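Work out the full structure: start from the sequences and follow the hints.
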Amino acid sequence: MSDARQRALMLAPFLVGVVALVAVPAVTTFALALFEYSLLASPEFIGLDNLRALFDDPFFAEAVENSLLLAAIAVPLRVAGALGLALLLTRGFRFAGAHRTIAYLPTVVPETAYALLWLFLLNPLFGPVNGLLGAIGLPQPEWLTDPTAAFVAMILITAFTIGEGFVIALAVRQEISGELYDLARLEGATPFSTFRRVTLPLMAPALGLLALRDTAFLLQASFTPAYLLTDGGPDLATLFLPVYVFDVGFEQFRYGYAAAMTLAMFLITLLLSVAAAVLVRLRMR
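Each residue of the sequence shown is one higher than the last, beginning at 1 in UniProt numbering.
Calculated directly from the structure, the hints in this document are not laboratory data.
Treat the hints with care, as some may be off.
To be verified - Here are the simulated distance ranges between beta carbons:
no.: 1; residue 1: F45; residue 2: F160; range: 43 to 51 Å
no.: 2; residue 1: V22; residue 2: L183; range: 44 to 52 Å
no.: 3; residue 1: L270; residue 2: L69; range: 48 to 56 Å
no.: 4; residue 1: F195; residue 2: D56; range: 24 to 32 Å
no.: 5; residue 1: S42; residue 2: A204; range: 26 to 34 Å
no.: 6; residue 1: F253; residue 2: S177; range: 54 to 62 Å
no.: 7; residue 1: L11; residue 2: A96; range: 31 to 39 Å
Because the structure is a prediction, the values reported are computed rather than measured.
Using N, Cα and C, we set each Cβ at its ideal position, and we do this for glycine too.
Next up, the structure:
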C-alpha cells in the first residue's frame, strides 16, 4: 500500500467526523434559517426574513451585548491568569507537577458539574464565597438574584477555566532560551524590565492567539453556567447568545429563527476572530 493511500485511510475517520458533525449541521442550519419552521406547522420558505427579524428583536440585541461584554472582560482575565500561572510555575520547585495539575483541573471537570459546584460556592446562605466575604467584613452579594452580581458571577465562573491556556503559555515560556535571561541579568535588568522587554514580546504572538481562541470559546461556553444557574436572568443580565438560541429553538420551538440566530452568532464570532487575528499580526510586525 502506498504512503498516499495510508495517509488517506488514516485521515478518513477524521474527515467523516468533520462531514457528519460539522459540515452537515452547518448546511442544515443555513437551510433552516430560510424557513418559518416550528414544531406545530409545516416549513414555509421565507427567504431572509428571519435574519431581518433579528434587527428588531430586543432580546437578541440584549444577548449580543451581554455576550460581547462578557468576552471583553473575561478574555483579558483568562489570558492574564494563564500567563501569570505559566510564569509562576515555570521555575522548577518541589511539587511543581502537582501545582500544574491543580491549575489544569477545572478544565477537565464536566461543565455541568463545574456549574453546580459554583452554585454551591455562591449560595447566599451557606456558600463559602459569602462566608469568606462576611468574615473579612465585606458585603455579601445575592450572587444569582441581583443582575450586576449575577453577571460578575458569570465572569468569575468563566475566568477559572484557563487550564488549556495555561498549558499553552507554559509551553511557550519554557521554549524561551535561558541565555536571554542570563544576558538581561548581566545588563542589570530588573525582573519587571526583563518581563517587559524579553518575556512579554516573545510570548505576545501566542498570547494573542490564545485571546482569539478564548473569544470564540466564550461565545459558545457561556451556555452551561448561565442556563443552569440563572436561566438568562435576573432581568436578562445573563442572557447570552447560546442561552437565547436554546430558548427560541427548544422552548419556543421556533427552529427557523433559532437557526438564523446561530448563523448570526457564527458571523459575530468570525468577525471578532478576524479582528483579533489582524491585531495579532500587526503586533508581530
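So, going through the hints one by one against the coordinates:
Distance hint for F45 and F160: a CB-CB separation of about 45 Å, consistent with the stated range 43 to 51 Å. At about 47 Å, the beta-carbon gap between V22 and L183 stays in the expected band of 44 to 52 Å. At roughly 19 Å, the beta-carbon separation of L270 and L69 lies outside the given 48 to 56 Å, and the hint is violated. For F195 paired with D56, a C-beta distance near 49 Å fails the hint of 24 to 32 Å.
Checked against the hint of 26 to 34 Å, the pair S42 and A204 fails, with Cβ atoms roughly 54 Å apart. The hinted window of 54 to 62 Å between F253 and S177 holds, with their beta carbons roughly 59 Å apart. Between L11 and A96, the C-beta spacing of about 37 Å keeps the proposed range 31 to 39 Å intact.
The structure fails hints 3, 4, 5 (numbered hints given earlier, in ascending order).
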